[in-house]
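Going down the list, the protein sequences come from chains L and R.
All residue numbers for the first sequence refer to the working numbering, where the first residue is 1 and numbers rise by one.
All residue numbers for the second sequence refer to the working numbering, where the first residue is 1001 and numbers rise by one.
Treat the hints with caution; some may be incorrect.
Quick list of the computed label-pair ranges, beta carbon to beta carbon [as the list claims (entries may be wrong)]:
(1) R/E1240 <-> L/Q138: 17 to 25 Å
(2) L/N18 <-> R/K1259: 53 to 61 Å
(3) R/Y1213 <-> L/N18: 35 to 43 Å
(4) L/G12 <-> R/L1290: 39 to 47 Å
(5) L/H137 <-> R/V1022: 40 to 48 Å
(6) L/I251 <-> R/R1145: 43 to 51 Å
Think about it this way: if two alpha-carbon atoms lie no more than 30 Å apart in a straight line, the pair counts; the simulated DSS-like pairs of lysine-lysine are [unchecked claim]:
(7) R/K1135 <-> L/K188
(8) L/K244 <-> L/K234
(9) L/K59 <-> L/K22
(10) R/K1015 <-> R/K1339
(11) L/K107 <-> R/K1015
(12) L/K80 <-> L/K234
(13) L/K130 <-> R/K1015
(14) R/K1015 <-> L/K103
(15) R/K1135 <-> L/K107
(16) L/K103 <-> L/K59
(17) R/K1256 <-> L/K59
(18) L/K80 <-> L/K244
(19) L/K107 <-> R/K1339
(20) L/K130 <-> R/K1062
(21) L/K22 <-> L/K227
(22) R/K1259 <-> R/K1339
(23) L/K80 <-> R/K1259
(24) L/K107 <-> R/K1256
Since the hints were derived computationally from the structure, they do not count as laboratory data.
Beta carbons: idealized from backbone N, C-alpha and C, even for Gly.
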Amino acid sequence: MIAVENLNVFFGHGQTRNHAVKDVGFTVEKGESFGLVGESGSGKSTVLNCISGLLTHWKGRIEIDGVRLMQTRNMAFCRKVQMVFQDPYGSLHPRHTIDRTLKEPVKIHRLGDANNRVARVLDDVGLGAKFRFRFPHQLSGGQRQRVAVARALILDPEIILLDEPTSALDVSIQAEVLNLLQDIRREKNLTYILVSHDLAVVSHMCNRLLVMNRGKTVETITRNQLKSGAISEKYTTQLLVAGKGYDRTAIDQFQDFR
Amino acid sequence: MSELLIRTRPIRTLKQTVRILVMVATTFLGLLLITFLIGRIVPIDPVLAVVGDKASPQVYEKARIAMGLHLPLWKQFLIYIGNVVTGDFGTSVLTANPVIDDILRVFPATFELAGTATVIGILVGIPLGIFSAVKQGSFLDHVTRVIGLFGHSLPIFWLGLMALMLFYVRLDLLPGPGRVDFFYEGIVTPVTGILTIDSIVAGEWEIFRNAVYHLILPASLLGYYSSAYLLRMTRSFMIEQLRQEYILTARVKGVKEWKVIWGHALGNCAIPLITVIALSFGTLLEGSVLTETVFAWPGLGLYLTNSLLNADMNAVLGSTIVVGAIFLGINLFSDFLYKVMDPRAR
């Protein structure tokens, strides 16, 4: 369903030019949940922004359902591909009620039946009608992220790009939101690309994952490989150790992979 | 929970209103105290200013008692508060009119000038600030930055003189100092005191045109000063908003880019911008002293300058209180708008 080949992204000019994504490639099947993992600055969110069209100065090839995407995106693309962002506090318009936030895409895409759609997606994400006319600041972080998911779902997309959707949430809320995302995917047969630096989150959510470091592909592994520790690359092993928590002796042995 | 909210909202609003009123009253009292103390500290004898330096000691003493200056300071202050609250700022030594009458006569001219300048500032500064933020680091951004820097750095009286020399003396494109050509003066009966409006009300289109011509140069200069400030502030607010994730959300929703900028981002910038515009307007009301002097604009600034030069303390302190009260009112109004526009502030 999604194919990315030789994706390259540069930021800046001259001496400050930074090669942020280097020849990255992967494929994602329909209904699959695919993870992009790496430490901060590895380029995983940049890949997601290229697919969503938020970044336009990329080189390479991105295809969705066999159709090659150009740099700009049309309205049909927005209906097919939606995105959920990291910050539940910042990703909702602060002066719009939930109702207005959810109705806006329906209006833009002239889908009609806005009231029923809003009610349906709020139910889908486990928020009732009582939240409909509240402002984002009147909701908790978890509730806001549910609204962000509802906002993505309201256009009935086939693909959802998840950019660290739980990293800004309390640990207690994280599992709740992840389970919700899992249920929705199964129910609606959605395709996910999930970006995270947390291997536990990715192994919970994704069948396969691509490990990235400094803009490059390290390896593509399956969830089973990750769980059994059958990993060939040292960087992935190191990431796995780092994900288990603070360990002074382990950190002393860490290498800088360039 | 919603019922509880509905029940507690009027109480909360009442508490907020009382808090605001107390804050305003305290600030105004502080303003009165400062102006009162200034009136007592400055080395100008208010009695001498009234009776003249050739008056006999008996006349001098009589006048001092009549002005209440023999009373203890706290009593004088209470009388001062009572007078100010009832609009009595005393009599101007220079014009022999009650100061409040003088202020009401000259203030509309300042309001007309500052108001027009603010409109120019908004129309020029805000769009340029938006373009500058959207095209950050571009040639346009650098150009607007230089324009803004000049607007902040160049003394306005110097700019005024240069503008008069160029557009009035050399090119003869615009009229010179004054609010209107002298042969039009006194023809229009003041209704609002704002000449451009009064001339329309009176159907005097020739005077209206002349008044607009006279307004162009000083209002453009003050407008430039205001737009330079608004440009920088708009740019910085917009850059901050454009970095927020709700902007990315709007883009992935399929919102057109112009609507993302002018609707979503600017809509949220509008809240702090209201305060900035209000403060800029207040600054123009009090800060157009030099511009009014250079352009012989018969407003509060010129009145204040003449009063200062003639040690007319009643007029100086009266004008100061009026400007301070207007500033307080503007702040109050911008706070009110803030609450109306931003649900988070309610």
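*Could you tell me which of the numbered hints above are not met by this structure, giving the numbers in increasing order?*
Structure breaks hints 2, 3, 5, 7, 11, 12, 14, 16, 18, 20.
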